[in-house]
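Here the sequence shown is numbered in this note's numbering, starting from 66 and rising by one per residue.
Do not rely on the hints blindly, as some may be mistaken.
What follows is a list of derived Cβ distance ranges for each label pair [what the hints assert, rightly or not]:
#	residue 1	residue 2	range
1	Gly444	Arg561	47 to 53 Å
2	Ile201	Asp498	32 to 38 Å
3	Phe185	Leu306	20 to 26 Å
4	Lys578	Glu339	54 to 60 Å
5	Gly501	Gly178	52 to 58 Å
6	Glu200	Glu299	54 to 60 Å
Read the hints as simulated data drawn from the structure, not as lab findings. Ideal placement from N, C-alpha and C gives every residue a C-beta, glycine not left out.
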Amino acid sequence: MKNIKQTKPYFALFVFCLILASGLLASGIMDSGQQAEPRSEAVARSSGSTLVEVPSRIQNVIVYPDRAQVVRKGQAGIGPETRALVFRGLPGTIIPGSVRVSASGSAPAKILGVETSREFLEASELPEVKKLVDEINSVEAEISRIKGQAAILDSQEKFLNSFGVALGGQVSKELLAGRPDLAGVDKFVDYLGTRLQSIQKGRQDNARALAEQQAKLEALKKKLNEIMPAGSREQSVVNVLVEAAQSTQLQVELIYAVSPARWAPVYIVKALPESGEVELTLAAVVTQKTGENWDNARLFLSTSRPTAGQQPGELPPWYLDFVQPRLMRAAARDLAESKMAVEAEAAPALAFEETAETVETWLGVNFEIKKPWTILSDGSERRVPIDSQKIPASFDYLAIPKLQEQVFLRAAFKNTLPYPLLSGKSDLFIAQDFVGSLMMPLIPVNDDFKLFFGEDNRVKVKRELVRREKSGPAFLGKNERVNQVFRITIENLRNRPVEIEVQDQIPVSQNTKIEVKDVKILPAPSSRDEKGILTWKLKLNPAQKQEITIEFTVEYPKDSRVMGL
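With the sequences and hints as input, model every part of the structure.
Structure follows, in structure tokens:
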């Protein structure tokens, strides 16, 4: 009993020290995980200054095929002493002459003019660089915290192991004395094992977290190296000259055009023969490298190209005279100078247009995108959905077996959408099956269009030469003859009727000494034009086969070589 009493105080002392150490170590973890309070965003200076900087953010962006119009909004307090509102940090790609400003407030204020200037910002001061640096610092702080946690776990493990060694010595003494407290030893060993397992699990969790943060840090540093410019970057500063009789809060809207920025249409066109429809899905590929990100902005996509200021030109007199080399050189010089003058006058300025959903304007059609989008200024492409509609269509097949022994599915439809289909890449599907891609041409509103969806191997066509006979001149004759017979076979292997247009031809003479005669065509074609093109409109029931026979004779002078025969 005496030895047992000696062991229990020792165990209690161990537990007390362990709890004390754990508390101190946990406190260290909390201290290492603390982060600095973020600084509040800069606000406009008070109206006591003659220059008031206006914090602003991008609200809307109208993207054209070759540029973009950016709409920023901000708020500023001004007074009678205020002389200008200053917008800083704007991209250096602003198109000259495109800046416009409007303002409204609780008291009257006048906008006297707008001045645009340039400044150069060091790489470390660029917003996108500062954002990445802040993220890198945050990740590095998290890595330091994880490493600190690992050191704490190592200290806990050493602490527990030291008590295990001490207890082992004490138990050995008690065994030699013949009075061991086996129940107390088992309890302590179980506790010690549980704590060591917990430390091991914590070490594994830390290793995983450390690997994730190190990978994140490496990716951020790589991105920083990619966007870090070699030198300073040019930025624009817009000063809005104002005049106010009394202090007021102004809501300011700044509009400017930037380049390079563009959008291009892409289509997914699905043929739905069973329902007699074509499903057309329109999206936009938007890309920009204007020097500023469009964060969470409303997008408007315009089909027009701003052309304000361009002139159609003026026709010069069309003089005729004999060639004189010296006069020709002078005329060429005058023409070049006039061309340069026209190009100088044609410098484009932005045309501004308010839009809502799908709206036809004087210059084209604008699409309003329903939800805000973020488009980074790194040249990456963002695919923005625009619209998806089903359009009634009629389906048939076209076969030109002289060119290819294949039958192609064809859809004919009218563009009944409220906007033209601009030229763009189209991915074609039959239901859910991808069949290929092509460039969609421009299809104006209410125009008819035909689109091919590839070969249908369930409808067969074959063209073969049945007979070709050449005969010499008859008695006292001077002409030779060539007789040819072709057979076309079409077969419907589908379980539904199909309509097929078949095209073939007979030769057409371009010389009076060459004659095409004895033409026999069965069945008779639906049409035959002056170029010899034959067209049949056929309807085949399931498993039905149809044959077409074409026979003709070409007569020409003896020993002549006829091109095309």
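Here is how each hint holds up against the structure:
1. Gly444 - Arg561: 47 to 53 Å: 49 Å, holds
2. Ile201 - Asp498: 32 to 38 Å: 47 Å, violated
3. Phe185 - Leu306: 20 to 26 Å: 24 Å, holds
4. Lys578 - Glu339: 54 to 60 Å: 55 Å, holds
5. Gly501 - Gly178: 52 to 58 Å: 57 Å, holds
6. Glu200 - Glu299: 54 to 60 Å: Given range 54 to 60 Å: violated, Cβ gap about 25 Å.
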